[in-house]
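**Q** If you want the building blocks of each chain, they are given just below.
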Amino acid sequence: MVALARKLDLRDRRLGGGVSLPVLAGIVAACVFLVIGCLTSSIFAQQTVAGLSQGVIYSSLALALVLIYRATEVINFAQGEMAMATTYIAYQLTLWGLSYWAAFFLTLAIAFVFGVVVQVTVIRPIQQSVIAVVIVTIGLFLLIDGLVTWKFGADLKFMAAPFGNSVYHVGTVTFARQDLGTLVVTVVSVVLLWLLFQYTKLGLAMRAAALRPAAAALVGVRVRWMLAIGWGLAAVLGAVAGLMTEPTTFLQPTMMQAVLLYAFAAAVLGGLESPVGAVVGGLAIGIFLNLVGQYVGFATSELRLPIAFAVLLGVLLLKPTGLFGRKTARRV
Amino acid sequence: MRRIPAGLVVAAFAAVVIGLLPFTLDGYHEGLAARVAIYFIAILGLNILTGYTGQISIGHGAFMAIGGYTTAVMSHYHHTNLVATLPMAFATAFVCGVVVGIPALRFSGVYLALATFALAVSVPQFALKFSKFLGARNGLQTSQTVTHEWLYIVSWTSAAILFLVAWLLLRGRTGRAFRAVRDSELAAVSTGISLPIYKVLAFGVSAAFAGVAGSLFVLATFGFAQPDEFGVLLSLQILIGAAVAGLGSLWGVLAGAVFIGLLPEISSSAPLVGSSHGQDVVFGLIVVAIMLLLPNGVAGLLLRLSRLRARA
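Read top to bottom, the protein sequences are chains A and B. In case it helps, this note's numbering puts the first sequence at residues 1 to 332. In case it helps, this note's numbering puts the second sequence at residues 333 to 644.
Bound-form chain B, shown alone (with noise of 0.2 Å):
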């Protein structure tokens, strides 16, 4: 009998708790829940990018907002259906991500990580100047509102697609070409890998992603999209999440969600902590000491426990 992977296991079983919770949950949870989905969606994204393909990114943020405020365009003023904004956000966002992607050929390391920042900062402030057009501060609702059950079935599905398609490119000859160009693009080049190519369809790919999560980020906020939420916050969070979750694999992804997704949640109900500033502390001591502990993420850990469990 072949073995079954391991990690195929723990996806099924992560399928299953995530298809059963709607039926315990209430409509708060849902959407934290959802809102956990999201964060994975985004984190999938980045991942693709600085984890397989060794491209850092700190403006995932600025791909959300496109993503997001596609959504947020296309639902006001045509009244388009809410599900089939994803499809659009996905597409938007990829075009930005290859728009974007082929300037940045040029940087590398702390210069790309930099210009990537710059997008985080200057995307949300477009929304400022044409006020007009996509709502200022106040932001740019949606026609339709959705309920947290509508926002955790779409959210989850739209997850549990995006992670099939990650893993089937992933697993095959794009995968290894984007493992080839981030491990060392000079033998990736004498392989006959074309380096634009796949470092431009890896900043559209992972864009995309982040597209999707900002379309379902700004049904998460009553079909609002605002600039303030899609801050350099938002970025940095991502780029967290993508870290604890570990890089350049796909297993920790839903650690890292969970870890931002929930991690404010439960520490502004602790009783020593309390006000909302007192989450950033927290937020930040974790971050730290996790990088401190676990350089590798979850993905890290989890690989060392099943080469423990290997051995043993």
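This is chain A alone, in the form it adopts within the complex (with noise of 0.2 Å):
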């Protein structure tokens, strides 16, 4: 079997997907161009740390509708809200007396398990059909976001603090620890993540039956339960991006829908088949987001998302696939 999986593996063996030259010559320049600035500007080095503590949560987010879109082709409209239900959970057993570390980990658990039987329950009966997927998603959208309202009230809630409220001095530049914590648990999960795919047996099923499932089946891989655990993964991801959201925003049940909307924004950047791109998409909006907000006047907050989804169309009308996405042959 594993054999054979490997064979089908092949055509994804390019992590990147199809990322263009041109493409990768921009990711260098706007790198140099961020370091360039980092080291003339202290206040450009600050913004740009708080981009990427921004940006990889809309990393993983994006990377979550991403692992669900490879394998079935439809975009998740509850992942923000699976997320943020997620870190109810979270705070109900910090209150219940576990410590914030215990309440993660227990908490990534009953993520996994939490998306595993919504695929199983709601979506797999209808995966056939896209729109039926969209509109059942967004049925869960309001079904959690009322439930949640309903059990723990709308008014904001308050965690311990995960990396305590300290600063770092470096030179003259100021960095929260909160920031650096951030972007440290999401680089971690996302590269076991990653590695998982990579060098497991289950993630090489997983991603078989994600670009073949016919002959992964075939071959003797349980496609229904590769794409179930694919949807578990993909909430474990949403639960660490929401216990990352909570130090900045607060628990309230509308923490998760703006990220929700940049990682949309850093999926479809990245290509959305493309989990690599999901993670350059996530960093770029989080940074640029900051930068522009910082140094041009028009930008004020209200046009945050805007400006965000005009970059995102931008890109869209030159590429049509995304920074990393593959053009598709189609047969007729």
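Be a bit skeptical, because a hint or two may be false.
From the structure, some residues in chain A lie toward chain B, with a derived Cβ separation under 10 Å [stated by the list, open to error]: (1) Y69; (2) E73; (3) V134; (4) L211.
Hints in this document: simulated from the structure, not taken from any laboratory. All residues carry an ideal CB built from backbone N, CA and C; glycine is no exception.
Take the two lone chains and join them into the complex the hints point to.
**A** This is the structure in structure tokens:
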């Protein structure tokens, strides 16, 4: 089975999908620009780090969307609300006396089960129709939002700050410990996920099930369960994003809605099919929005979302499959 | 004798009921019924785009906002007659729909869904950005307000006219072209249908319907055009209504409109639910259940029933 699944998977070896030279050049140029900016201005550096720590949150939720999109070509509009709900679960666990990190890991496990259950019960029966799945996830969005508001109320709740409130000084630049902690936790979870996909039998089976479901089933991959596990892992990523969002927005039922929108933008920017694209897209959007907010007077906070989407539309009009997307050829 | 089509009978029956309702309803319920008409128009518009032409949109709240703000601006600054603002909303939203439809030609499927979703999120923000002109979060009020009865009559008349327009548009050459585009773009092109023209046209018409709905929506909220009223949730509700109605058929639209118009009302008075957040729970549950049980919506159910009747 392993050998055959590996063969199926060959198409996916190039992790970046079809990253083209101009895109690569653009990314390198952007990095050079950021480094020079950070070395010349401490405000620039501060905004870049803040943007990075928001960007990794967008990245992890975008990655959750991409995981599901790759497997079934649908978008889970409830991803953000699922993340929000799991963050409330963590809150409840800390209320019951667990320490923050015990609650953190227990929540990830619960999120996994939650994702699997959602896929098996309401998504699997209708997964043939894209529009039906979109509408069901919108229904879930309302359902989860309503349930959480019902149980916990719409007012702000506070959890213990996982990384404390201290700041570091490097030269004239100030970094919040919170931002660095977010960066580390999210990066570690993304790397773990990558290792899972790239180096385990389960990951291989999941990739095979996503790319060539029929062939994967023939070599003995249990495709249906692989899809369910994909939803579970997406929910785990979402939970990480939710827990890392909490220290800045605090707990409220709407906390993940804006994050979800940026994650959409990030995922599409990266090409929806490409995990690397989702990560790069999330970082790019996080940093870009912070820098624009700092330096462009017109770009007040009301226009944060429209600007993110304007950039997104601009990129899509130039490159309709996103930065890392492949051109797909369809036989007719 | 020629058989009268069942659909026509249903439509005539619905028209009579709607015509007689004002005599039995009090003001509050007239307002509710007018709201159903508003959703009816919006769902009709979305159905032309998503159901008939196969282009998904999660951004119709944005076109409603454009129509609504057209009415508010015209009435607030120019004291235009409120009924006269409806065609203006239609025209403005049509133009905006065409403007959005042209770049949308490059997207399809999920990408289009996300792009239109972005529209739904972005458009209300502009009311906050240009707050002096558009009245920020508190909204912009029309110079006159209307009674429930006025609203009921005008919105159902608009609904009837627009239903007729949609029906005439969809039954002929244009409707066939729309459906051909939906079913197979390649086949449509090879029979001489211009994809860009029909896709953009569908976007424009659909947006124009939503614009009229938005304009009436503003009149229904005491003449206030407010950004929060036109949030993402509105776009989602319309899509849900269209799905409940059944995409690609005009006969379920009323059911979809009644569903999203009245369900929050009914569920908030249900004994178990009570609070306003209970509404969301009920709403979400029913949406999920309907998609699982009736994947083609009410129109699909009607079709199945009529087939059963034909067999019997």
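**Q** Decide, hint by hint, whether the structure agrees.
**A** Evaluated hints:
1. Y69: 7 Å, holds
2. E73: Result: holds, 7 Å to nearest chain B Cβ.
3. V134: 6 Å, holds
4. L211: Since chain B brings no Cβ nearer than about 17 Å to A/L211, farther than 10 Å, the hint is violated.
Consistency note: the structure conflicts with earlier hint 4 alone.
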